[in-house]
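Student: Sequence:
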Amino acid sequence: MVHRSRLSGLHAIRGYYAFYFAAMGLMLPFFPLWLAGRRLDVATIGLLSGLLAAGKVVAPPLAGWLADRHPPGGLRAMVVVALGLSALLALAWPWVDGVVALALLIALFGLLWAATLPLADQLSIALSEQAQGSYGRLRAFGSLGFIVASLAGGAWLGGAGQVALLPPVVALVLLMAAACGAAFPPPAHHAALLAGPTGTPQPARLRALILAGFLMQLSHGTYYGFFTLHLGHLGYTGWQIGFFWMVGVAAEIVLMWRWSDALHAADPYRVLSLCLLLAALRWIGTALAVDWWAIALLQLLHAASYAAFHITALVWVQRWAPAGRSAAAQGWFSSAGFGLGASLGMAGCGQVIAAAGFTTAWWLCAAVALAAIRLLRPLRQAA
Numbered sequence: 001m002v003h004r005s006r007l008s009g010l011h012a013i014r015g016y017y018a019f020y021f022a023a024m025g026l027m028l029p030f031f032p033l034w035l036a037g038r039r040l041d042v043a044t045i046g047l048l049s050g051l052l053a054a055g056k057v058v059a060p061p062l063a064g065w066l067a068d069r070h071p072p073g074g075l076r077a078m079v080v081v082a083l084g085l086s087a088l089l090a091l092a093w094p095w096v097d098g099v100v101a102l103a104l105l106i107a108l109f110g111l112l113w114a115a116t117l118p119l120a121d122q123l124s125i126a127l128s129e130q131a132q133g134s135y136g137r138l139r140a141f142g143s144l145g146f147i148v149a150s151l152a153g154g155a156w157l158g159g160a161g162q163v164a165l166l167p168p169v170v171a172l173v174l175l176m177a178a179a180c181g182a183a184f185p186p187p188a189h190h191a192a193l194l195a196g197p198t199g200t201p202q203p204a205r206l207r208a209l210i211l212a213g214f215l216m217q218l219s220h221g222t223y224y225g226f227f228t229l230h231l232g233h234l235g236y237t238g239w240q241i242g243f244f245w246m247v248g249v250a251a252e253i254v255l256m257w258r259w260s261d262a263l264h265a266a267d268p269y270r271v272l273s274l275c276l277l278l279a280a281l282r283w284i285g286t287a288l289a290v291d292w293w294a295i296a297l298l299q300l301l302h303a304a305s306y307a308a309f310h311i312t313a314l315v316w317v318q319r320w321a322p323a324g325r326s327a328a329a330q331g332w333f334s335s336a337g338f339g340l341g342a343s344l345g346m347a348g349c350g351q352v353i354a355a356a357g358f359t360t361a362w363w364l365c366a367a368v369a370l371a372a373i374r375l376l377r378p379l380r381q382a383a
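By our numbering, the letter at position 130 of the sequence shown is numbered 130, and the numbering carries on one by one without gaps.
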């Protein structure tokens, strides 16, 4: 019975990741199109889209702090409530008039949506640490959900007028994620697990790790914000561009599925330094590559610059956090990297591209990744 309950809980986590990232796979390509369908200008669309990213800066630390103050049942309840409210807010978008009202709803949606991921990551990493699951294999379902939703969205929402269906579709997907959150492993079985580590906290190493996460995501600014435009500038068309993105996500899935457990046991300084070095090589190569095969090979490095770095960092954030504060620590890591780092990276790289072109932006991203390696020195001999 205990085994069956644990297995059911793991399936729930897989489902959460799949539906959470499926919503992202719908929002990233189609949310700007939905806003354009409301006859908003480009500047307003950019502002409203930016509100979603702002939620990734503010929400994760706050959600983690609240979860740490109300363990162990608080985590599961927060995931369900936040995703349920997010779904209701998405349903309300078409019914509001005026940019200010819409901006308020989108900002609240972004806060609630972003709050849940680091909480699920904390639980998944904790289960992995107790050999009750593999974080990489759990998280890989999120990448699969992203791919399926992106492809399905292109087929269902890409037609004339069909993008108007985005809010109810996103709401349905988020409700499915909330249902999975409600079936997370029972709090009674994981109270000690979710309380976090019991060893000596490592604040200097934790700060270095969070700062390195910020710089790694900062170095992805040109990639996440402008890789599609860069490929178009090289003469590649829609399906070819989609192929390059798919190669990167496929590499991410393979690494998460095959090598997640090995990363848990590896020296974090060596792994993270290698990931940053490979990220720098990736950006330099992308600045120079023109042939399709070269670009595709470089996309395989997404397994290092994102997947391996992400898994290793989350594991050691969990281990170095103060006892009973692991959810907040995961929240700060998420906020610094995927919130602040990603937002500043895309904004800054946009300015660089406008002033000096794509090549300069790629080289600057490589320099940022290399600079981050030096910051990892406190992590030496950590394993």
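Note that these hints are calculated values from the structure, not bench results.
By construction, the Cβ of each residue, glycine as well, lies at the ideal position given by its N, Cα and C atoms.
One thing to keep in mind: the hints can contain errors.
Derived CB-CB ranges, DEER-like [unchecked claim]:
| # | residue 1 | residue 2 | range |
| --- | --- | --- | --- |
| 1 | A250 | G37 | 27 to 33 Å |
| 2 | L28 | H233 | 38 to 44 Å |
| 3 | L47 | T359 | 34 to 40 Å |
| 4 | W259 | A101 | 43 to 49 Å |
| 5 | G235 | R380 | 43 to 49 Å |
Student: Would you mind marking each hint as holding or not holding in the structure?
Tutor: Against the structure, the hints:
no., hint, verdict
1, A250 with G37: 27 to 33 Å, "holds (32 Å)"
2, L28 with H233: 38 to 44 Å, "violated (20 Å)"
3, L47 with T359: 34 to 40 Å, "violated (29 Å)"
4, W259 with A101: 43 to 49 Å, "holds (47 Å)"
5, G235 with R380: 43 to 49 Å, "holds (45 Å)"
The earlier numbered hints that this structure contradicts are 2 and 3.
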